[in-house]
Structure formats: structure tokens, C-alpha cells
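Peer 1: The primary structure of each chain is shown beneath.
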Amino acid sequence: MKSVLLILTGATLVLWGCQPKPSDAELLKNLVVFTDKSNNTTNYTQYSTYYLRPDTMNYYNSSDPNPADTLWLSSQSGDFVDYVTKTVNDSLTARGYSSVSRKSSPDLKVYIYEVENYSVSYSYYPYSYGYGYGYGGYGYGGGYTTASVSDQADLYIQILDVKHLTSGKPTLIWYCDIGDIASLSSADTFIRALGQAFKQSPYLKK
Amino acid sequence: MKKITLIGFVLLLGVSVASAQYYYDRSKSTDKVPSGKSDRDFDRYYFLSWDNNTPMSNPDFIKLASSLGTKLGFRKRLNSEDKLWVGGDFGWAVYKQYIPYQTYNSNSTQATSTDLYNYSYNYSLSANIDYLFVSRDKIIVPYAGLGIGVAYDKFAQYWNIYGVSGDSWGLLLRPEAGFLVGFGQNSSWRLKAAFHYDYGSNTNTDFGYKNFINTGFQVGIVKMAW
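Chains as they are written, first to last, in the numbering used here: chain B, 1 to 206; chain V, 1001 to 1226.
These are calculated hints, taken from the structure and not from any lab test.
Examples of chain V residues lying across from chain B (beta carbon under 7 Å, computed): (1) LEU1072; (2) PHE1090; (3) SER1113.
The list that follows gives simulated cross-link-like pairs (lysine to aspartate or glutamate, DMTMM-like), each with its CA atoms no further than 25 Å apart: (4) LYS1096(V) to ASP180(B); (5) LYS86(B) to ASP36(B); (6) LYS163(B) to ASP55(B); (7) LYS1096(V) to ASP24(B); (8) LYS1096(V) to ASP1060(V); (9) LYS1096(V) to GLU26(B); (10) LYS1076(V) to ASP1039(V); (11) LYS21(B) to ASP1167(V); (12) LYS29(B) to ASP151(B); (13) LYS37(B) to ASP1115(V); (14) LYS205(B) to ASP36(B); (15) LYS1063(V) to GLU26(B); (16) LYS21(B) to ASP151(B); (17) LYS199(B) to ASP1115(V); (18) LYS21(B) to ASP1060(V); (19) LYS21(B) to ASP1115(V); (20) LYS86(B) to ASP188(B); (21) LYS37(B) to ASP177(B); (22) LYS21(B) to ASP1206(V); (23) LYS29(B) to ASP1115(V).
All C-beta atoms, glycine included, are put in the ideal place defined by N, C-alpha and C.
Model the full structure from these sequences, guided by the hints.
Peer 2: Below you can see the structure in the form of C-alpha cells.
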């Protein structure tokens, strides 16, 4: 009877620890797209022009010992920066806004940047064995080190009102967060997500 | 997972067979010696069942039936009347539901688009009493029973690389009715089929649960012993 209870307890513990989760393939087939218009009173039709550098994004990496705004040029990232800036440009143009140069006093400024939280942590597991008794004995030991890497990144798009400054500062009128792009499963996933950001913001139009 | 369950069940049966041998030897010293299958005086049994459950609480979170469930248990005859049997069950079930990609407007300014994977991990431990309507040496033995115990539910929601979870303990009530079907008269191996209704008082406001109610159908294999 004790053995049976022992086995039932063991089986219980095994099943207790069995908590299946969705696979990575399932979880990563879509990105999370968050948008916020910051203020319900903003009249988006009052704006006509915007400025966006066509070939540049900003990039921040948490592993950088001196985190600073890093320019990420299309020549450094392959097609990624080109694709993002072109899609944002096309989306805003399709909604009635016109792209102008920075010197043409645009109504809006579009700021695109990526933040990557990359970290590596190391753990050292010592082990030692041997024996000792009385006045003697010996022992020796060693250990091993494991590394744990985590990487997570989000793409942010901000649209700032530079026409009506508040205390000399531009006002955020639209904000978008797309993640996690560090674990992207395919380019199509990102393309869909970027399109979704504008699709779920129908108010963003001239 | 299947291997572990199989190994556990084989070990369980091994112990029950060994236990049966022990009691058989001891019976030689008494005046009651089993002379054939019909004379075996089974006074306990162990079972492992596949459990198919349908949740009835909070369908907004999960409403799909789940075939991912197991029940392990044992019963011991309470007295020589052969009608009342008591024992215990351990139940494990996982419910899951996929919520397709859609946009949620959390307030008048914010919108979030994602797909969601809702999971509920349910565990139960109960003390049970069963009433057998006919003698247990019949081929088909209908029974009804009641289980009372504790239930632990863990609710989780996963999306992309993110996830949240919450859990809850509650009181469990489980009426059950079913059959034991032997492979012959007074068979030591039998099949078990039963319906059960589970009420768990588990509450979790974050996930919208005021209780956890489910119905279930279990089919399993039973090893009789004495």
C-alpha cells in the first residue's frame, strides 16, 4: 500500500509539472502591435506635411555601455531601414499627408527607432568532491560556467506635432510599438504588423 | 509525456500484482483459498483513465473541450457487502483555446493587435466513495460515486514572447456515474467508463473565473487486486 501511494505521489508530481505551452512557431507567427493617439482631442486633419529621413532609423541597444542614440543607416541594415521608412512614408502619403524636407517647416516629424534589450548573463556552478577523515584526506573540485542570452527588441514609431509647440517642445500625437522583432519568424510577419499599425489607426489622416 | 505516463502505470500495476501475490500467500493460512477466477475476492482496484473534459465556466476565456486529461486512482472495499468502496483520485487536465489575431481597444486612445493562447491547467485530489449497484464479480458493474477534495487551477495567457498567469485553490465536488466492464466473470482486468461533473470553487478575478465547472467523460483500465 505504501508503494502504491508512493507511485501515485510520483505520478502526481510528474503530471503536476506537466504544463504544455504553445510552441514558438505558434507564438511568433504574429507580432504585437500597440498604438496610442495620446490625446482624444487631436484634430489630425489640421496637419498637411511631415518630415521623415528616408534612409535612417535610430537604434538603441541596452548592452551598449554608453547607450546613446545611434543612427542606423540603410547601408548597415540591408533592406530593413529602407523598408520601414518607405512603408511609413507610403502610408502617410496615402492618408493625405505630404513629405517635405526638414527646412520646409513641416507640421509633423516622424521618428522611427528600435530598442533592443540584449543581455548575456553567466552562472558558475562549482562542484567538488573527495573525502577527509581524522587528520588527512583529500579533495578536489572544479566547476562549469553557463551563459544565458536574452534578446528582445521593439520598433517604435512616433509622430510629433512640431507646428504647435508646448513650452517649446513638440507634442506626441501618435505612437506605435511593434514587438518582439528580435524573434521574428519571417519578413511577412513584420510586413503585416507594420501595415496593421496604420490599419488600426483610421483617425490618422488628412 | 506518454512514456512517463506509461512507465508510471506499468510500475503501478507491478506493485498491485506484487501486492496481490502477498495477499494470496497469506490467505493460504486461512480457511479461504481461492480455487478459481470466480473465487477471487477482490477488495481493491487501481485505475488509470483518459479524461475528456468540457469547461462550462467563463467561456470567454476557454470553451473548447479538452482531451488532454488523466485520472489516477484506487478504491478499497469498505465492507464485505461489496457495495461501498472508498479511495482517492488524482486528476490532471489541460484546457486551451486559440483566440485569432484581432484588435483590442483598451480605452478611447489605445489599440493592441495580437493573437492569444489561453490555457488552464487543472489538478484535483479527491477522496471518493462509490456505490456498486451489483456485485463486483459481474461482468458489467454500474456504479455511482462522489468525490470531495481540493482543486488547483492555473490560468495562463500567452502572446508572442509575453505571458501572464494566475492561480487559485478551491474545494472540489465531483459526482460521478459509470460502469466497470470486465473481460470475463470476476475478471482482474476491467475497463472503466464514467461521466463526471466537477464543481470547483476556484476563483480568479483577473481571468474572470468565479468558479470552475466542467463535465467529463473518462475511459480507463482497471486492475483488480486482493
